[in-house]
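Visitor: All chains, full assembly: derive it from the sequences and hints.
Protein chains in written order, with my numbering: chain A, 1 to 137; chain B, 1 to 629.
None of these hints come from the bench; they were simulated from the model.
Just so you know, not all the hints are guaranteed correct.
Taking CB as the label site, the calculated pair distances span [what the hints assert, rightly or not]:
#1 A/VAL88 <-> B/ASN584: 42 to 48 angstroms
#2 B/LEU243 <-> A/GLY98: 51 to 57 angstroms
#3 A/LEU28 <-> B/GLU329: 48 to 54 angstroms
#4 A/ALA29 <-> B/ARG556: 20 to 26 angstroms
#5 A/PRO18 <-> B/ILE187: 57 to 63 angstroms
#6 B/LEU446 <-> A/THR9: 29 to 35 angstroms
#7 B/GLU422 <-> A/VAL88: 52 to 58 angstroms
#8 B/ALA555 <-> A/LEU102: 42 to 48 angstroms
#9 B/ARG556 <-> A/LEU102: 37 to 43 angstroms
#10 B/ARG370 <-> A/ALA12: 41 to 47 angstroms
So the derived list for chain B, only partly shown, Cβ under 10 angstroms to chain A, looks like this [claimed, not checked]:
#11 THR66
#12 GLY123
#13 PHE607
On a predicted model such as this, the values are computed, not experimentally measured, just so you know.
Backbone N, C-alpha and C define an ideal beta-carbon position, used for all residues, glycine too.
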Amino acid sequence: MEYRTEAHTFTAGANLAPLPKLDINLNLAYMTGRGNISDLKFGHYVTGDVKLGYDSSSLNPNQPLLYDTAYINAVSGYSNLDFNELDVTAGVSYRLTGSMGLGVSYYYTDFEDDEAYVYGEQDVTVQSLMGYMTYSF
Amino acid sequence: MKRIAFTVLAILALAWAGCPGAMAEEKVLEGEVTLGGMWTLDDIDRDEDGAVGGVEYNSAVDKNLTVDLGADLSLRSGGLAFDGQAHYQDGDDQEYAGALSLQRVLLYKTDYNRFMHRLGHDGLSNLEAHIFDLAANGGGGLTVASLGAAGTIGSAAVYHTDHNPLDEYAVTRSEWNNGVTFHIPMIPELTLGFDHRMEKRQGCAQARTMSKCSACHVEGYSRGVHEVTNDYIPKASLRVGALGIEYSFLHREFNDKSDDLEQTYNGLVVPAHLNSFVNRLQYANMSGALPFDETPDSTKDTHTLKARWDVNPQNVFTAGFAYSRSTNEDTGGSYDPLMGQFGKDLELDSTSVTAKWHSRLTRALSFNVRGSYQTIDGDDVYVDVADDLYTIALAAGSTAAANRDLATGYGLPAGYWDFTRESGYNRDVVTAGVDASWRIMTGVTLHGDYELRYVDRDNAEEYEVPSETTEHTFDIAGDWRIDRSLKLRLGYTLSLADDAYAMDKAVCPPDVSGAGYAGPGTALYDYSRSYYPAIYHARTGTRSNLPNTAHEFKARTTWSPMQLVSTSLYAKYRLAENDEVDGNEWEQDLFTGGINVVLTPSEKMVFSAGYNYFNDKYESLFCIAIYDG
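Guide: Structure below.
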């Protein structure tokens, strides 16, 4: 069998101070990842697996009580990865006086899971807004 | 409690600063406090409860509104110096640090951090492989639900039960470090110290266990997590002329205070058509409720001695010795084969010595010679196989004879299967190496390194692994400063191993893969195809997930064509293989590389961008034992 993972990550950021009392920052991060197992295959033997719709009674009247290798062959799909994640952070801070300041930050996270299995679909989108005041002495 | 400790520390520092004797002209108190709050516009669950993608370590997004508090304080007054930082965002997201110095005689440092880690919830839905139709009777005239009841006919089946399907799992980890150092003014050569570290893991996680014989019934339960680790480390160091000696003692205690989980397993199922049946189970529902998923309490004591001798400005010798004993505290009770108790605390001893010689021959050439030896010795364990006679209620109409225990079932004396398990840890490890750095000319430096590692395992035959492994690692690298704007670093590492760690009987003979299993027989129940002859005994091939040859290439360049632009390119390629295994070679093919660009048009503007590519490919032989009932 072969297991392969591949990921691309892009980042970008900017920090600006257009005014003496004003600071602005912006950060972006995007990641996309894939992973899969290939060349994992078991041969098929005749079973009477009614869940899979197999009826081998004409070949083997005893229909042995075994599950089918089709279940094992499905294992290769359990490790599949296919996700995209975008994170954005933006912030502005302004110094009111020599010792007092105000700031606002915005956070955005979006995670898309296109190969959910064991832990279920992990899709998440979160936006948060933070406000703060600083006092220096 | 840590918040209180930090506050007390700050108050003590401020009180000291306020004392008349402590007041001095140079008193400086400066800092910053932050008061804020965060509003989460969307909650964490977009599509499904328990989703953790992208917010695995973010606890604040669970709530719509959280406070965000911060402080940074610095105080200098006479002989007192205090620095402290604090950040509180949520009950599960806190970070504090503080350092206090009194006349440079007493130094105290502390830090605390706490965060939450969301864990996944395995619905276990992939563990459903059987021929039975859940809604109606299947091929055997049974539904899967009947497999757990004693007296039913056994059959090959894997099925699952998640007893807490709606629970979400997370563990909060916290670590608190404290260190006190005392410099005795009358004996400046001597320093005394005491460090303490406390780590806690608290929360809820998923525990799994499985019944055997009748069916593989995998069951999941919610399990409380409450683990505490404490390290106590007194230490002393002495510096006499060119010789420095440091001694420390570590006493570690690990306690799992989580509530015990217990499980009554599925019943042993006796095939009703057989005239005799040999019971091979170690436990089943007749054993009653049994504990599972436990972590034993343990302790560890370590003595460490280090020495450094500055022979002259060009030559330095360092040496070290460490002895440790790790003890499993849960094995000292009366004998219990399930819990591994055998009347004696299990112990693992490790002794190691290290030495290194550093020499700078010229301003352009220096080298290190190093070596180490470690021996590990673990206790043997006597394993008393539970071959008790089980009384089973047979299926109605069965003609089976009385059930028999394991030993008498094979016509053997009781206790025949008992054995002493020797420790797989027992080994001696020797390493030796030499490295050198040579500045050939201005802007060009070469680095070379060679290391030999030899492992001798005492009980290799019992564990079917190589008794000896020898590894050679060659590393060469070069730094080239082409001009003031361009720097280049190239490196290559070659790793060779004789008898890399492997499992000697891991897989079926690859050339007849699958042939060891003949498929279903003509009889309804053909137990001649049992695990031992068809699965375990058929495994004769050696496999490993470690290479015996590995090549690794690294390259990195930084280019700053002008003052406002900085660029770096980097790449790593690794090609590893193991051709000593049976079947096709184990291979790894990994590449990662990227670029970073920073643009600084002015002091008030900084732009950055980056890209990274990662590609990792493994190739191996996979051998899965198909459950045959």
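Visitor: Which of the stated hints cannot be reconciled with the structure, identified by number in ascending sequence?
Guide: Hint check: nothing fails, all pass.
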